[in-house]
Amino acid sequence: MLERVYRGRGVAKFLGEGRALVSRQGISFFGGVDPVTGLVREKGHDLCGQDVTGKVLVFPKGKGSTVGSYVLYQLKKNGHAPAGIINVETEAIIATGCILAEIPLVDRLEVDPITAISSGDYVVVDGREGKVVVRKG
Amino acid sequence: MYLSREEERMLSGEEGAAVQKAMQLLTALGEVFGAERMVKVESAQIAGVSYGNIGDAGMEFLEDWANLGGKVRVKATLNPAGMDLNKWQEMGVDGEYYKKQIRILKAFEKMGVEITCTCTPYLVGNRPRFGAHVAWSESSAVVFANSVLGARTNREGGPSALAAAITGRTPCYGLHIEDNREPTAIVKVEARMRSIFDFSLLGYTVGRILGSGIPYLKGVSGADLDRLKIMSAALAASGGIAMFHSGGRLRAADKLEKVCVDQRELELSREKLSSEGKPDLACIGCPHCSLQELKDLARAVKGKKVKKGCALWVWTSNGVYDEAKDRGYLSVIEGAGGKVFTDTCMVVCPLEKSGYTHMVSNSCKAAHYVPSTSGLRATVTETYLVLESIMEGR
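As given, the protein sequences belong to chains A and B, one line each in that order.
Position one of the first sequence corresponds to residue 1 (the numbering used here), numbered consecutively onward.
Position one of the second sequence corresponds to residue 1001 (the numbering used here), numbered consecutively onward.
Bear in mind the hints are in silico, worked out from the structure with no lab data behind them.
Check each hint, because a few of them may be wrong.
Unchecked claim - In silico DSBU-like pairs for lysine-lysine, Cα to Cα no more than 35 Å straight-line:
hint, chain 1, residue 1, chain 2, residue 2
1, A, Lys-61, B, Lys-1100
2, A, Lys-13, B, Lys-1071
3, B, Lys-1106, A, Lys-61
4, B, Lys-1308, B, Lys-1099
5, B, Lys-1272, B, Lys-1307
6, B, Lys-1110, A, Lys-63
7, B, Lys-1100, B, Lys-1325
8, A, Lys-131, B, Lys-1040
So here's chain A without its partners, still in its complex pose:
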């Protein structure tokens, strides 16, 4: 099995792992993800209909309302949070939500995570060390 380790910046210093779910688009958790089911419900989004529960979400950055931070927190309480998040370059909404909900968050990888990681890859997100481990296939 091919295993790759990429260094990045650990923003929310927690540890998590799961299957990757990769999007080329920004994600607005407020309005975009159902806090009760974990399903992406933003129309026209490339992840629409997908379940974020237990996944390692890989996407460029957050967007939309700052209430998105609270939605990440609620997903966690409802047992539907992603296992980890990898952003190209994160911003305050996702960073805040990940800290509040204790979801590991790493950004600024040495490679573009959107192309280096494919949906379905098994990914370990280590926010404490600022690295991700990717197992292909």
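Keeping the supplied structure of chain A fixed, place chain B upon it in accordance with the hints.
Then chain B, alone, in the frame of chain A:
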């Protein structure tokens, strides 16, 4: 990021779980924004209060933090809630919403936050001195604090402002640093600036054209506090603007982007924010009315009456309300058929429950948000025309 010994103690959990969580959040945000250290803050203004806005997610988070023992250590005031705390039924708010909104306010109260419920903290006792570092998260108050009061704050989110209040710190980046407060663009104002509505339009137009940065406004005269208040709100609504300059020294002016705002540009903004049809709900008080504005309004509506099928809803803070009541302004407004609400506003309350369908206001910020927050149509115009559209002579 450098942390003092006290800040290290907070992060390690020695001062309790809530302080630790707050410090984790602030250090993470500090890293995201490239802060080298923390700075002590003198006050916080906390947004994310309306139940309609933050929902069960926010409510649960705030209750959890309050139960962790979170307590503010600096002056902390609160943004508007989703309803008037006394007259919520008159706004069409239902009992379930009421209960959850009260739970949110109780959580804030438990943490020591003053239940001011206004976007104008500087009118009710949270008025930082020149040069003070603060952590404010109401976008209109952020612009006012940076530009009019000369305090220093970034555009905080609700959680980061609360974390700042709990730790007394905020990461030192952005507008906390002197060099970052210089103008980034010169705006030559060639439009007539004669009314409060003109200033709202100017703010909205500058935000629309620049998007972000720190404008230096040239050629603006006749600004008073109420005009600066409404302009601050509009600047932050159409753009990500957190500060403006007007007058004062200008460094390296030749290197700055230059734009011109004329009457045509203001008219474009007005059109963009206005809809077809007859408005039935006039809203004044975005940001919350000052005492002077309530006085002016009372004078304007005296001897008139709100038309059947229409309404005049006025929004202010609790503190200003009491004073306006004592001075008799409220009885005049109510005598003309208007309602004066506190603790909330047209942007954060469930305005769709009002039963009206088309809001008219003198505030560009209100017209910018209301169609998406509550589905009403919106129109902006001069204050006297707002009143004319829904009132008649007795």
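Hint check:
The suggested pairing of Lys-61(A) with Lys-1100(B) holds, with an alpha-carbon distance near 31 Å, which does not exceed 35 Å. About 24 Å separates the Cα atoms of Lys-13(A) and Lys-1071(B), which keeps this hinted pair within 35 Å; it holds. Distance restraint check for Lys-1106(B) and Lys-61(A): the Cα-Cα separation of roughly 34 Å lies within the 35 Å cut-off, and the hinted pair is therefore satisfied. Using a Cα cut-off of 35 Å, the hinted pair Lys-1308(B) and Lys-1099(B) holds, with the two alpha carbons roughly 32 Å apart.
About 27 Å separates the Cα atoms of Lys-1272(B) and Lys-1307(B), which keeps this hinted pair within 35 Å; it holds. Between Lys-1110(B) and Lys-63(A) the alpha-carbon distance is near 31 Å, which keeps this suggested pair within the 35 Å criterion. Taken as a hint, the Lys-1100(B) and Lys-1325(B) pair is honoured in the structure, with Cα atoms around 29 Å apart against an allowance of 35 Å. Distance restraint check for Lys-131(A) and Lys-1040(B): the Cα-Cα separation of roughly 32 Å lies within the 35 Å cut-off, and the hinted pair is therefore satisfied.
In the structure shown, no violation is registered for any of the earlier numbered hints.
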